[in-house]
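Q: Protein chains in written order, with our numbering: chain A, 376 to 480; chain B, 376 to 480; chain C, 376 to 480; chain D, 376 to 480.
Bear in mind the hints are in silico, worked out from the structure with no lab data behind them. There could be a bad hint or two in this list.
Identical chains share a label here; the pair holds if one copy fits it or two copies do between them.
[Stated by the list, open to error] With a straight-line Cα cutoff of 20 Å, these simulated SDA-like cross-link-like pairs (lysine to any residue) come out: (1) K468 / R436; (2) K468 / L378; (3) K475 / A463; (4) K475 / D432; (5) K471 / I459; (6) K468 / A380; (7) K471 / A428; (8) K475 / R386; (9) K471 / D460; (10) K468 / P478; (11) K468 / G458; (12) K475 / E416; (13) K468 / M376; (14) K468 / H438; (15) K471 / A389; (16) K471 / F388; (17) K475 / D393; (18) K468 / M455.
Number of protein chains: 4
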Amino acid sequence: MDLSALQAQLRQFADERDWHAFHTPKNLSTALMVEAAELAEIFQWMTPEQSDAASSDPATREHIGEEMADVLLYLVQMAMRTGIDLNAAVQDKLAKNAAKYPPPG
Amino acid sequence: MDLSALQAQLRQFADERDWHAFHTPKNLSTALMVEAAELAEIFQWMTPEQSDAASSDPATREHIGEEMADVLLYLVQMAMRTGIDLNAAVQDKLAKNAAKYPPPG
Amino acid sequence: MDLSALQAQLRQFADERDWHAFHTPKNLSTALMVEAAELAEIFQWMTPEQSDAASSDPATREHIGEEMADVLLYLVQMAMRTGIDLNAAVQDKLAKNAAKYPPPG
Amino acid sequence: MDLSALQAQLRQFADERDWHAFHTPKNLSTALMVEAAELAEIFQWMTPEQSDAASSDPATREHIGEEMADVLLYLVQMAMRTGIDLNAAVQDKLAKNAAKYPPPG
Chain A
376 MDLSALQAQL
386 RQFADERDWH
396 AFHTPKNLST
406 ALMVEAAELA
416 EIFQWMTPEQ
426 SDAASSDPAT
436 REHIGEEMAD
446 VLLYLVQMAM
456 RTGIDLNAAV
466 QDKLAKNAAK
476 YPPPG
Chain B
376 MDLSALQAQL
386 RQFADERDWH
396 AFHTPKNLST
406 ALMVEAAELA
416 EIFQWMTPEQ
426 SDAASSDPAT
436 REHIGEEMAD
446 VLLYLVQMAM
456 RTGIDLNAAV
466 QDKLAKNAAK
476 YPPPG
Chain C
376 MDLSALQAQL
386 RQFADERDWH
396 AFHTPKNLST
406 ALMVEAAELA
416 EIFQWMTPEQ
426 SDAASSDPAT
436 REHIGEEMAD
446 VLLYLVQMAM
456 RTGIDLNAAV
466 QDKLAKNAAK
476 YPPPG
Chain D
376 MDLSALQAQL
386 RQFADERDWH
396 AFHTPKNLST
406 ALMVEAAELA
416 EIFQWMTPEQ
426 SDAASSDPAT
436 REHIGEEMAD
446 VLLYLVQMAM
456 RTGIDLNAAV
466 QDKLAKNAAK
476 YPPPG
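All chains should be built: construct the whole structure from the sequences, respecting the hints.
A: As structure tokens, this is what we get:
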């Protein structure tokens, strides 16, 4: 995934629509959470097994993909607005997780 | 961002800890939403202006980056579990957004 | 608010529709979070001032009330399913909050 | 549950701490969602069956009750701030649900 190209695309999109005033970290983080909830809503009444089977249905698969994309797009916009390097943040977190959850013996 | 390499890293991490039974789409989407809420919590009592200034503080910046990383890591695991191509989903969504919100004349 | 009467209403509603198998604490807590996100979505692009003015508009006021009701209805169902006394839980929490945030001298 | 008494308690608590500037509908709805996520987090890796058994453990039961109380306390503060009557909103919603989901047979 080319994050720089994606950021450029999203920046132009927001520029053309004059959306920068709305895109504070406060608002973007709420919007991200709302999209995450829309993703979870798809699975809320399913059993664990049904949730694994859900992506075999073409319409549900498209719906899941769309909500996942919405989450990612707000996340990339958060990264732009805060100037945080998402790649570096992920590598830092993976290192922390490896220390926090050592593999069993 | 090299999503394939990241997916391989996450798959190995879950393999070593026997976490696959827990990583259903149902559980992963809830976990993703919980991380999104932890990100929003950072900004919940801030004014919009304070939320823009927050990432200038080193400790807050690290906290924001960590929660953003958590969101992305669960999103990548959702993509793996469902077999959904995150790049393609994002490009589809950008095309839909461009049609839904045409730039002003 | 007569919580016992409300619980009886909700129990009968779920009985008649055979919904008890779906109403595990896991599912109810996710559904509650989804409704909370729908409430937050109403205000996500508003300034703090606009969010205070929003309930003056009749249609928005009805929308806010409806999402608040959804949150409460899932909360009451969580209380029923877990057997937790919501009144007692609230009084316990108020006591903890008073200890945690002492009023300024 | 005596909502008027609870509202009076919460109003005094916020008065004494000068919290009214923070308690906009925008901020309260985000805070409510964050508490709802903390409730869902308790159950996120559990099976449906484990989530039903969870409230038998005293420590987990107290934790669940505390997160449920947090949700309710923010909800009551939303009702105060917006002037929305929670009882009326709930009765309206129950009527809508009965129309939307007619009982079988």
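Q: If a hint holds in the structure, say so; if it doesn't, say that too.
A: These are the hints, each one checked on the structure:
For the homomeric pair K468 and R436, the shortest alpha-carbon distance between copies (14 Å) is at most 20 Å, but the shortest distance inside one copy (29 Å) is not. For the identical chains of this complex, K468 and L378 are neighbours both inside a copy (18 Å) and across copies (15 Å), given an alpha-carbon limit of 20 Å. Proximity of K475 to A463 under the C-alpha cut-off of 20 Å is restricted to the intra-copy arrangement: shortest distance 18 Å within a copy versus 33 Å between copies. With identical chains, the CA atoms of K475 and D432 are never at most 20 Å apart, being 37 Å at best within one copy and 25 Å at best between copies.
In this assembly of identical chains, the alpha carbons of K471 and I459 lie at most 20 Å apart only when taken from the same copy (18 Å versus 27 Å across copies). Taking CA atoms no more than 20 Å apart as the test, K468 paired with A380 passes between copies only; the shortest distance there is 15 Å, against 24 Å inside one copy. When the C-alpha separation of K471 and A428 is checked against a cutoff of 20 Å, the pair qualifies neither within a copy, at 32 Å, nor between copies, at 26 Å. Taking the shortest Cα distances, K475 and R386 sit within 20 Å of each other only across copies (17 Å), while inside one copy they are farther apart (36 Å).
For the homomeric pair K471 and D460, the shortest alpha-carbon distance inside one copy (17 Å) is at most 20 Å, but the shortest distance between copies (27 Å) is not. Taking the shortest alpha-carbon separations for K468 and P478, only the intra-copy value of 16 Å comes in at or below 20 Å, while the best inter-copy value is 37 Å. For the identical chains of this complex, K468 and G458 are intra-copy neighbours only, at 17 Å inside a copy versus 23 Å across copies, given an alpha-carbon limit of 20 Å. For a Cα distance limit of 20 Å, the shortest separation of K475 from E416 across copies, 18 Å, qualifies, whereas the shortest one inside one copy, 30 Å, does not.
In the homo-oligomer, the alpha carbons of K468 and M376 lie at most 20 Å apart both inside one protomer (19 Å) and across protomers (15 Å), since each shortest distance falls under that limit. Within a single copy, K468 and H438 get their C-alpha atoms only as close as 29 Å, which misses the 20 Å cut-off; across copies the closest is 11 Å, which meets it. Only between protomers do K471 and A389 lie at most 20 Å apart by alpha-carbon distance; the minimum there is 15 Å, versus 34 Å within a single protomer. In this assembly of identical chains, K471 and F388 lie within 20 Å of each other by CA distance solely across copies; the values are 12 Å between and 35 Å within a copy.
Within a single copy, K475 and D393 get their C-alpha atoms only as close as 43 Å, which misses the 20 Å cut-off; across copies the closest is 16 Å, which meets it. Both within a single protomer and between protomers do K468 and M455 lie at most 20 Å apart by alpha-carbon distance, with minima of 19 Å and 19 Å respectively.
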